[in-house]
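Peer 1: Based on the hints, put chain B in the right spot on chain A.
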Amino acid sequence: MQANELQNMPTLGLLSSDMIAAQARAANEPEWMVTWRAEAWDFFAQAAPPKWRRTQLAELQQETIAPLFKAQGTAIQWDKALESKGVVFSSLAAALHTHEDLIRPHIGTAVNPLAHKFSAMRAALWQDGVLLYVPRNVEVELPLRLSYTLADGSRAMFPYTIVILEQHARLSLVEEYTSRGIPETALVAPTTELFIGPGAEVRYLTLQQQGQGVYQIGGQVMQLGRDALGKWTSIALGGQLQHMELEARMQGDGSRINWVGATFGNQQQNLVTVPWLRHIGTNTESHLEFKTVVTDKSYSVFDGMIKIEHESHSTVTRLEEHAIHLGSEARSDSIPGLMIDTNDVARAGHASTSGQVDEEQLFYMQARGIRPDEAKRLIVMGFFEPALAAVPLEALRESLEAAIEAKI
Amino acid sequence: MASELIIKELHVAVNGQEILKGVNLTVQPGTVHAIMGPNGSGKSTLAYTIAGHPNYEVTDGEIIYKGENILELEADERSKLGIFLAFQYPVAVPGVTVANFLRAAINAQRAQEGVDPKETAIPMVQFRRELRAAMESLSMDESFARRYLNDGFSGGEKKRLEILQMTMLKPSMAVMDETDSGLDIDALRVVSEGVNRLLNPELGVLVITHYQRLLDYIKPQFVSVMMEGRVVRSGGPELALELEERGYDWIKEELVGDAS
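First to last, the protein sequences are chains A and B. Going by our numbering, the letters in the first sequence line up with residues 2 to 409, in that order. Going by our numbering, the letters in the second sequence line up with residues 2 to 261, in that order.
One chain only, chain A, in its complex shape (with noise of 0.2 Å):
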């Protein structure tokens, strides 16, 4: 069978782990992987779905979704010179060949494919992805930028990145999602698993910007090794619904997470994201303010978790939500938990907080002549600069700025 007569594969619900080995032992991947979707697959089929209160997923049918057997939307852009330091920035599918000994060991090791019908699914089916490998000691400071866009007329896409930094290796990456056209209803299911060695430090921005339509359900996870630092900031404006699911797993002693978080729902959206701060090291310190903007008739979710495990001592960890409602009829919920499984905590605490504009905020800028919805715009710029500061290139921070203008 040729790969390319299955590029058009039946819908999720006609499909099987059969059909999907079929088409991996096509595309020649290593025989261990072709196992991993087939079981990944099995577990889809008989897994019940998740039960998400708050994500309203009723609307998207396993009968209109018909996956893609064949790459098709990941772009990448970078220095070439990095590879004579030994930089991989590479199709995960290509790597699945080319780097096989990096890819082995840790795909499904921090986001686990058998958490749920989602996690299996994407599993099973992914085609775009991307390994991203950046040797011992090695910087790389100009960030690199890595978009998956979802095509005309495509209904599901299901993009895998793999980020590994050795040894005090340095990377700033852009992570971008978005979608072409305004596509009906789609489903992009991303998995990024970032690998941070001891004493690295990744800058890793990500950003989720689909068209109307789409529902992207995915997992994200950071693990820091020994002495590792993580700076993470996270955007979503886009799409019918989300549900990220993020963790920045503080695995090793001494690790650390400065975590930014923006989103800004308007119309119909519901967008959910689910980060954890997960403490297993000692002496590990996690920081996450999280800056919700709410309008229309969208209902924004936070779901936050401090989960601090009982091997380790002396975590340092704060949580934020903030959230600001510019009409009454939007909606948002926080829920802010803390599981804590040790006795040794240096310092843990989540705040949450969530109103209209603050009425003396707006009057302080109309008593110097600057009208009402100039001084909404001010303030929801405001609330959103820590985030916004974060974006590493100019042209991007000012298009997410006018992102955001255009929905307030």
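Hints should not be assumed to be uniformly reliable.
Keeping only pairs whose Cα atoms sit at most 30 Å apart, straight-line, the calculated DSSO-like set for lysine-lysine is [stated by the list, open to error]:
hint, chain 1, residue 1, chain 2, residue 2
1, A, K232, A, K308
2, B, K171, A, K377
3, A, K377, B, K253
4, B, K22, B, K253
5, A, K377, B, K159
6, A, K408, B, K22
7, A, K377, B, K119
8, A, K377, B, K9
9, B, K81, A, K408
10, B, K22, B, K9
11, B, K171, B, K159
Since the hints were derived computationally from the structure, they do not count as laboratory data. Owing to the predicted nature of the structure, the values given are computational and were not obtained by experimental measurement.
Peer 2: Chain B alone, transformed into the frame defined by chain A:
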């Protein structure tokens, strides 16, 4: 066009409770008029009402400025008419830099109905030049412009920023609400000098203060005393000195005497 600020029989309620009970006051352009009074006399209510805070409900009376009844205008429209309130408690807006805020405010002042705001916006070079000059005159470090509006500012920094805004926006009627509160003597001098530099024949200033101290620096031609929601005494600068010496109680006693 007559540009006095005329307040006539002003009654104002907050949360249904009457605070101002018939205030009469006129501020002429080119003059400094001080309002003094004990805490709770309604001084700050008067300031917020002139600026148009939505929580202050005018139940009776008028405020006329430049011949217009400004009670019908929103706060931003009053500002565009030339009214400026220097806040007693300036509000923090995290994420919005001082420079961006000032530019938005200046552009709002310059905006004209039916004209593309891009046409009336202040050119960036001119803005930077004016900002630098204004900050220098108030002994403010350049880095100040990049800080977030009043966010983590000391009391003195906040008041200085109010005067910086006044310097940049060039109002014709300034209401200064307890500008001296929370200032040490050095900051008080810088702030007062900043205000004095702005005095001109077109500018009316209403200085609201609890203490006479500020009036050593910003010299009023007129002094009015407010108590329990009314102006109860008016006079020249000597009235402020008398208050400093004798406190407010003697006026209260005289009022009781007058009433009986």
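Peer 1: If a hint holds in the structure, say so; if it doesn't, say that too.
Peer 2: For each hint, the structure was consulted:
1. A:K232 with A:K308: holds, 19 Å
2. B:K171 with A:K377: holds, 24 Å
3. A:K377 with B:K253: violated, 45 Å
4. B:K22 with B:K253: holds, 16 Å
5. A:K377 with B:K159: holds, 22 Å
6. A:K408 with B:K22: violated, 45 Å
7. A:K377 with B:K119: holds, 19 Å
8. A:K377 with B:K9: violated, 34 Å
9. B:K81 with A:K408: Holds, at about 28 Å.
10. B:K22 with B:K9: holds, 11 Å
11. B:K171 with B:K159: Roughly 18 Å separates the two Cα atoms, so the pair holds.
This entry does not satisfy hints 3, 6, 8, going by the numbered hints stated previously.
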